[in-house]
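Trainee: Chain by chain, the residues:
There are 2 protein chains.
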Amino acid sequence: MIIKSIEEADAISYGEGVSKRVVIGQKEGAPNFVMRVFDVAPGKTSPYHTHDWEHEVLILNGKAVIVSHEGVETPARPMDAIFIPPNEKHCLKNVGEKDLRFVCLVPLKGEDTE
Amino acid sequence: MIIKSIEEADAISYGEGVSKRVVIGQKEGAPNFVMRVFDVAPGKTSPYHTHDWEHEVLILNGKAVIVSHEGVETPARPMDAIFIPPNEKHCLKNVGEKDLRFVCLVPLKGEDTE
Numbered sequence: 000m001i002i003k004s005i006e007e008a009d010a011i012s013y014g015e016g017v018s019k020r021v022v023i024g025q026k027e028g029a030p031n032f033v034m035r036v037f038d039v040a041p042g043k044t045s046p047y048h049t050h051d052w053e054h055e056v057l058i059l060n061g062k063a064v065i066v067s068h069e070g071v072e073t074p075a076r077p078m079d080a081i082f083i084p085p086n087e088k089h090c091l092k093n094v095g096e097k098d099l100r101f102v103c104l105v106p107l108k109g110e111d112t113e
Numbered sequence: 000m001i002i003k004s005i006e007e008a009d010a011i012s013y014g015e016g017v018s019k020r021v022v023i024g025q026k027e028g029a030p031n032f033v034m035r036v037f038d039v040a041p042g043k044t045s046p047y048h049t050h051d052w053e054h055e056v057l058i059l060n061g062k063a064v065i066v067s068h069e070g071v072e073t074p075a076r077p078m079d080a081i082f083i084p085p086n087e088k089h090c091l092k093n094v095g096e097k098d099l100r101f102v103c104l105v106p107l108k109g110e111d112t113e
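Protein chains in written order, with numbering that gives the first Met the number 0: chain P, 0 to 113; chain W, 0 to 113.
Hints may be right or wrong, so weigh each one.
No distinction is drawn between identical chains; accordingly, a pair holds when it is met within one copy or between any pair of copies.
[To be verified] Keeping only pairs whose Cα atoms sit at most 20 Å apart, straight-line, the calculated SDA-like set for lysine to any residue is:
| hint | residue 1 | residue 2 |
| --- | --- | --- |
| 1 | Lys88 | Ile2 |
| 2 | Lys108 | Pro30 |
| 3 | Lys3 | Gly95 |
| 4 | Lys97 | Val17 |
In short, the hints are calculated from the structure, not lab data.
Produce the entire structure from the sequences given, and follow the hints as far as they go.
Mentor: Right under this line is the structure:
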C-alpha cells in the first residue's frame, strides 16, 4: 500500500500555465489505470486535443469550463465529474481567479503516450 | 461527454454509516475503470476486506485512518492518495467529527462484483 500527499509527486510542465503530477502510475505498481492531478493557472487551458482513450475527471478546486468535441462550453465546479469517451476532442479552461485543480484518470496507455 | 455533480449519482448503502455513489461506470460508457465516491459517517469504517483488483483512492474531505493488510493504521487527510494493490486487505476509518468523503477507482470487474 502507498499513502502519499499529491504534493509529493513531481509537478511536470504540461504547456503554458499547466502542470501535471502522476500520483499513482506504473512506478507505484498501478496495473490498469493511472491517477494524475493537474493544476491550471487562471486564464490558461489544458490542450484541446483528442486520443483513443477515455478520461475520468473530478474537479477538486477552482472554476472550469469544459470545451466539447463540438466546441460547446459547459461550466464545471468542484465535485463535478466529467467522463470524456475515447476520440472526443476536449479541453478544460480555468475561468476563475484561483488555480484550477482536477484529478484525471486514464488507462495505462494514456499515460505512456501523453 | 458527460458532466455532472457527484450528488446526481444515487447514494447506495454500503454497510452501516457508509454510502457509495457510482459516478462514472458502465452505465456512462466507461470502458476500463469506474469512479465511485464514498461517504463515511464519523466513527464508521468501510469494510475490512480483500479482493483481486486494485483501488486508487483520493481523500476529498475529512480525517481518515487507513488500515493495512498487516493491521497498521496510517492517518490520511484531504489530497492524500492511496494505492491499494490487488489482494491487500484494507479499510478506511473515519476518525474525524465530520463525514469522510473519498473517491475510489477500480477496474470494471471491481464494480461488477462488489
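Trainee: Compare the structure with each hint and give your call.
Mentor: For each hint, the structure was consulted:
Taking CA atoms no more than 20 Å apart as the test, Lys88 paired with Ile2 passes between copies only; the shortest distance there is 15 Å, against 33 Å inside one copy. When the C-alpha separation of Lys108 and Pro30 is checked against a cutoff of 20 Å, the pair qualifies both within a copy, at 11 Å, and between copies, at 13 Å. For the identical chains of this complex, Lys3 and Gly95 are inter-copy neighbours only, at 19 Å across copies versus 28 Å inside a copy, given an alpha-carbon limit of 20 Å. In this homomeric assembly, Lys97 and Val17 come within 20 Å of each other (Cα to Cα) only inside a single copy, at 13 Å, whereas the closest approach across copies is 33 Å.
The structure is consistent with each of the numbered hints, conforming to all of them.
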